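Peer 1: All chains, full assembly: derive it from the sequences and hints.
Just so we're aligned, residue 1 is where the sequence shown starts under the working numbering, counting upward by one.
Rather than coming from a laboratory, the hints here were simulated on the basis of the structure. Predicted model, so just to flag it, every value in this text is computed and none were measured. Just to be clear, a hint being listed does not mean it is correct.
[To be verified] Cross-link-like lysine-lysine pairs, in silico, DSSO-like; alpha carbons within 27 angstroms at most:
| id | residue 1 | residue 2 |
| --- | --- | --- |
| 1 | Lys196 | Lys155 |
| 2 | Lys204 | Lys155 |
| 3 | Lys196 | Lys182 |
| 4 | Lys191 | Lys148 |
| 5 | Lys191 | Lys204 |
| 6 | Lys204 | Lys148 |
| 7 | Lys155 | Lys191 |
| 8 | Lys148 | Lys182 |
[To be verified] Ranges between beta-carbon positions, derived for each pair:
| id | residue 1 | residue 2 | range |
| --- | --- | --- | --- |
| 9 | Thr193 | Arg121 | 32 to 38 angstroms |
| 10 | Arg121 | Arg159 | 21 to 27 angstroms |
| 11 | Lys155 | Phe77 | 40 to 46 angstroms |
The C-beta atom is built at its ideal place from N, Cα and C for all residues, glycine as well.
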Amino acid sequence: MAREKTVKPPKVKKTRWYHQVWQAYQMTRRNDPAVTWYVLGAFVGIIAVGLVIGLLTGHPYYALFVSLPFALLAAMFILARRAETAAYTQIEGQPGASRAALGTIRRGWTFAEEPVAVDPRTQDLVFRGVGRAGVVLVGEGPAPRVAKLLEAERKRTARVLSGVPITLIQAGNGEGQVPLRKLPRAVTRLKPTLTKQETGEVLKRLTALGAARLPLPKGIDPMRARPDRKGMRGR
1 MAREKTVKPP KVKKTRWYHQ VWQAYQMTRR NDPAVTWYVL GAFVGIIAVG LVIGLLTGHP
61 YYALFVSLPF ALLAAMFILA RRAETAAYTQ IEGQPGASRA ALGTIRRGWT FAEEPVAVDP
121 RTQDLVFRGV GRAGVVLVGE GPAPRVAKLL EAERKRTARV LSGVPITLIQ AGNGEGQVPL
181 RKLPRAVTRL KPTLTKQETG EVLKRLTALG AARLPLPKGI DPMRARPDRK GMRGR
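Peer 2: Set out below in structure tokens:
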């Protein structure tokens, strides 16, 4: 009997860091056409400064060689910042945009994927996070309207957690609200008051409390609009 040939599965092409940089650049250029000139300006500007210093010191090639990595670093930094701004611009106004922004917090905070409060008529949302600073409730919607939703959720949470700090934050561009790109920093700058063990207990209680019964409104998934920071760093 002839042996059956085993078909090997096709190899999955590994995504390299430069592929991620290129994808981030393409995404940024769609929302920010001037990004090309900013990146090139930073790269060429530092190379030019290095070359001038090299000519003045009598070592132009050495100065050019030294300035090259600094020029690349500056270009990547400019691209990363513009990509971050473009990503926030792309998701701003979409339901769940604040949750997408909060997802950039790498450690210290745990945020539920689903909102804990939803107004089905206006689509105002409240997301809840738990960290060593206690509980933070982040609301999306016009200031006067979402304030009532936040306060209702604060009272609901306070009935389960006695003595745990509860911070209310409104995400948006209105008066007294925190812009989307500044939201992660506003949360991480909250002063820690709980131990890690206490934070774990709070998280268990709130997990049992559950999230809102209504899912996120249908539309663009803002979680997919974030730039890959590892790719931007060249890792």
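Peer 1: If a hint holds in the structure, say so; if it does not, say that too.
Peer 2: Hints, one by one, checked against the model:
no. : hint                                 : verdict
1   : Lys196 to Lys155                     : holds, 24 angstroms
2   : Lys204 to Lys155                     : holds, 18 angstroms
3   : Lys196 to Lys182                     : holds, 25 angstroms
4   : Lys191 to Lys148                     : holds, 25 angstroms
5   : Lys191 to Lys204                     : holds, 21 angstroms
6   : Lys204 to Lys148                     : holds, 26 angstroms
7   : Lys155 to Lys191                     : holds, 21 angstroms
8   : Lys148 to Lys182                     : holds, 23 angstroms
9   : Thr193 to Arg121: 32 to 38 angstroms : holds, 36 angstroms
10  : Arg121 to Arg159: 21 to 27 angstroms : holds, 25 angstroms
11  : Lys155 to Phe77: 40 to 46 angstroms  : holds, 44 angstroms
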